[in-house]
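Make a model of the complete structure from these sequences and hints.
Here the protein sequences come in this chain order: Y and Z.
For the first sequence, position 226 matches number 226 in UniProt numbering, and the numbering has no gaps at all.
For the second sequence, position 379 matches number 379 in UniProt numbering, and the numbering has no gaps at all.
Be aware that a few hints might be false.
Repeated chains share a single entry, so a pair holds when one copy, or any two copies, can fit it.
[What the hints assert, rightly or not] Straight-line distance between alpha carbons at most 30 Å, and here's what the computed BS3-like set of lysine-lysine pairs gives:
1) Lys536 / Lys515
2) Lys548 / Lys532
3) Lys147 / Lys586
4) Lys413 / Lys572
5) Lys296 / Lys147
6) Lys540 / Lys515
7) Lys147 / Lys137
8) Lys515 / Lys532
9) Lys515 / Lys371
Source of the hints: derived by calculation from the structure; they are not laboratory data.
There are 2 protein chains.
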Amino acid sequence: MSSNNTNDQVKIGAYLLERLVQLGTHSVQGVPGDFNMGLLDLIEDHPSLSWVGNSNELNAAYAADGYARIKGTIAAVVTTFGVGELSALNGIAGSFSERLPVIHIVGVPNTAAQGAHSLLHHTLGDGRFNAFENMSKQISADSAILKTKQGAGDAIDRILVSAIKSARPVYLALPTDLVHDTIPADALKKALDCSADDNDPSAEKYVLKVAQKHIAEAKSAVILVDACAVRHGCVAETNDLINKSGLPVFATPMGKAIVDENHAQYGGIYVGNLTSEDVKNVVEEADVLITIGSLKSDFNSGNFSYRTPKESTIELHSDYTTIGYSHYPGIGMKKLLPKLSDLLSQDGKKRLEQTKKVIPKFENKLASEDKSQVITQEWLWPRMGQFFKEQDQVIVETGTSSFGMLEAKLPAKTRWVSQVLWGSIGWSVGATLGVALAAREEKLGRTHLFVGDGSLQLTVQEVGTMIKHGLTPYLFVLNNDGYEIERQIHGEQRSYNDIPAYDHSLLLDFFGNDKVKSNAQSHRNDAKTSEKQYCKVETKQHLDELLKDVKFNKPDRIRLIEIMMRRGDAPKALKRQAEATGSANKYE
Amino acid sequence: MSSNNTNDQVKIGAYLLERLVQLGTHSVQGVPGDFNMGLLDLIEDHPSLSWVGNSNELNAAYAADGYARIKGTIAAVVTTFGVGELSALNGIAGSFSERLPVIHIVGVPNTAAQGAHSLLHHTLGDGRFNAFENMSKQISADSAILKTKQGAGDAIDRILVSAIKSARPVYLALPTDLVHDTIPADALKKALDCSADDNDPSAEKYVLKVAQKHIAEAKSAVILVDACAVRHGCVAETNDLINKSGLPVFATPMGKAIVDENHAQYGGIYVGNLTSEDVKNVVEEADVLITIGSLKSDFNSGNFSYRTPKESTIELHSDYTTIGYSHYPGIGMKKLLPKLSDLLSQDGKKRLEQTKKVIPKFENKLASEDKSQVITQEWLWPRMGQFFKEQDQVIVETGTSSFGMLEAKLPAKTRWVSQVLWGSIGWSVGATLGVALAAREEKLGRTHLFVGDGSLQLTVQEVGTMIKHGLTPYLFVLNNDGYEIERQIHGEQRSYNDIPAYDHSLLLDFFGNDKVKSNAQSHRNDAKTSEKQYCKVETKQHLDELLKDVKFNKPDRIRLIEIMMRRGDAPKALKRQAEATGSANKYE
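Right, here's the structure in full:
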């Protein structure tokens, strides 16, 4: 074993890190443990990588999920064998469900100890060393359990490509005796090819012909953009289709803001029977519905209540296409979309005229009739919509926030970060760390989190990591005294939906102790920690003034804005969704 | 389906709860979710059960682990499908590794939706509904995935018995449509039989003969008590053996305090070559070593450094026995121990005289030569040993605390709660909640947590749950500015072993907001929340005075005692263990 990389040889750990950097990853999430510190040495010493050092592994996985959403490439999270990796699983499973590429790198005991089935700490005590990898395989697109240096580079390459092409997590087990062992470095000279596969030309030609015929014969066609358009890197292709075809476009909750909500052809959110009437009419009366990257989950489809017939739907997916009842496996949208756009550009102007007549106007309208100063769900979301700026990041927790913010119209180039399918409470706090790190790397705008007091408690310590890294997100905490989304579904007056009462005014100072900076004992070499501001808001007027304040609009510190709201108040869409969910899972 | 239980019929959920109550479980840990609230209704309405409502699922699983340790019966944790259950896995795996019976009850979608592979929220988005149960099976002794009401009661009974007899977790998937469905109630009239199986009489007789011969021929024999003695309910039998045999007794780190450390035959902790010389001599020079419930993991055995020959070792386990190289499967200690004790009582007095001559004296000796006021590891632990009282609970986090507290002599009936094998940082904070709840139910003494500032951050929010329930543990936070155990192993000056600086003086007030009590908006019906006290301690004198203070000794409030310690200082045993671990996993 050589401790130095030569021109021809590279440590296995360094090989992995070099690939991550080539793919555009510059922050690595995770928690140290005695089986991963050999890799952490390499990360800390790498000029293009920053070790985040999260407060726990679940939060680290959530942060990786958020980071991948903004960067559009793979995120990395490092944990230690057993105790560390298992804590991350819920976060990794969320990335599997929501289609985000994440590599979960687990430092595992040396190969000799594994072979001898030693009774090491962090094991199950029964000699099984494969239990944890078996668990992770259930939520991974691919995995590599390194046992020798032979083929290690190829295995790393294979799973990285697999993660990006499938938009799903992969798992890497890296033993302590291999991380600094060396392999040939040659392969690194060639970047990994993660581009989408070409479609079979004859099949693709046929599909295009059928699709074009359907659209040409339709009196009205509509485009519906969904999550997988962004997950599979088809945002430009999607926008091209919209512009060239002149067709009206709508978005699902998970597809929000992929298309600029100020676009002349954009009409708002379609979510089955939770949709506003004007949008519903246009979408459901269309003769042809073209869906891009559709992900028809219960919460993303108004509990499966689309009134759009299958026979008149064209579905474009990453690895297949359907037209009506015809299924075309292997025909992926990345390569199909540009050709479809070209075909549809022919009558684009004509269609655009038609679109202008029918497209509903989507605006941030404040309910004016309500004279009360109480901050309501109905008032809050359009008001927040007016506050955002181009290139801001908007993260919404599963709950009142993810439903409510659908009502807000977002500026161009806003990144919409929600977890509608997986819906793990607490996710948004960890995700905000990853989003804010990515936004800083990509020189994007501000980062805004919307989370309820209930969800916040699950992952609250990750605010400390934000402060440690000098990040300056806006943390809007909606304090409605417990788990409001659960109350909407079941147990409105049940105490199991209550939570401990936190004093949010102390949160930033608790997790970011300024006094320690002058502590001579400390060896800290972190970046400058964040300046901090806490605001408690109880009236519409106060929030309105705050959001208009020029100083407040400058993201020069981390801010916690506690918005006091009423129990029992919920966005309209959530109330209807909760009814549907409650009756699908009724207990009597 | 009937919504009321009749005399003959009972809801499946109620059947489960009744069994838990019969087994002595009165607190149920967990987090609400839309697939488990039907069960939570039954828990909240049950006169003998209390719903804990943890801050997240990992903490809930840790709390269940702690609760099971004190109660000596099964603990229960309730989560929701996917998002909830996966967050709990690290805690459940810890209970598997450390041998604690825990039932993980997961509220899952209704059977129809599962059968149709619906794209529900909290799913992986690919129609697989069995992925999560497959994951849990890796860390469960048994599981029941309920699909119909037929056989539901038997399945619940089977896994409960399995959990207790194997001292390991089990998994129950409870669909929303079955929890209130009814089954016959008859079976509940008969309590579950969880007692240990009888040994085969002839085989047992033979084993006893061989064991007795070995011991009779030995010039010196020694008993070594380990974790599984308490996990398999053999504490009384173990003490009986000690008293009747008159033999010297020692404990492993995981077996600490199972035998009263003030017992005349007790000599201290044996942990291979990390052991003090006087103990080492007695144990390693014995002709026969009788181990009870041995669990020879690296951290529990000084990195496998026992100098005790296999041929002169008698190992008593829950389901097998070994004498030298002879293996006797199926001969369990629960039934064997009383018979062995009777056989050995014959020469008990003679042996006791011999024991008194050789047994080392184990005392809380304070290092007196050191005049500095800096609180050192060497000084701290014996001083804490003097502070504890009979029936106190002492929880130590994996790290400096679990190694350091080995130096303290504990009073009789102290419960020693550590996680030496699994060693998941942050575990102790959740475990403290479960321990404190169990201690209150059982009317035991005070609860003390020893945790470093590094480990604390992973699970810190569970302090809020303690306050919500009016619990009054002593939380000793050892502030040594980061992950000291990791620094001892690797990366002493690495910034990846640094953590965000918390202001611990704000912790209790942040997680327990007194102002909210007067909030008319609140519907809280929790028990009275805890009174609170924070102390920062920087000198030996201050800590000494505090520990002597009469008011401080009264557990009438939750206390956070922040003890300022130096980076780089660690208990001797940890320093040696770290060297061994570091060299077994060296990176160069």
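A quick look at each hint next to the structure:
In the homo-oligomer, the alpha carbons of Lys536 and Lys515 lie at most 30 Å apart both inside one protomer (24 Å) and across protomers (14 Å), since each shortest distance falls under that limit. In this assembly of identical chains, Lys548 and Lys532 lie within 30 Å of each other by CA distance solely inside one copy; the values are 19 Å within and 40 Å between copies. When the C-alpha separation of Lys147 and Lys586 is checked against a cutoff of 30 Å, the pair qualifies only between copies, where the shortest distance is 16 Å, while the shortest distance within a copy is 49 Å. Taking the shortest alpha-carbon separations for Lys413 and Lys572, only the intra-copy value of 26 Å comes in at or below 30 Å, while the best inter-copy value is 57 Å.
In this homomeric assembly, Lys296 and Lys147 come within 30 Å of each other (Cα to Cα) only across copies, at 26 Å, whereas the closest approach inside a single copy is 40 Å. Taking the shortest Cα distances, Lys540 and Lys515 sit within 30 Å of each other only across copies (23 Å), while inside one copy they are farther apart (35 Å). In this assembly of identical chains, Lys147 and Lys137 lie within 30 Å of each other by CA distance both inside one copy and across copies; the values are 17 Å within and 25 Å between. With identical chains, the CA atoms of Lys515 and Lys532 are at most 30 Å apart both within one copy (14 Å) and between copies (23 Å).
In this assembly of identical chains, the alpha carbons of Lys515 and Lys371 lie at most 30 Å apart only when taken from different copies (28 Å versus 44 Å within one copy).
Consistency note: the structure conflicts with none of the earlier hints.
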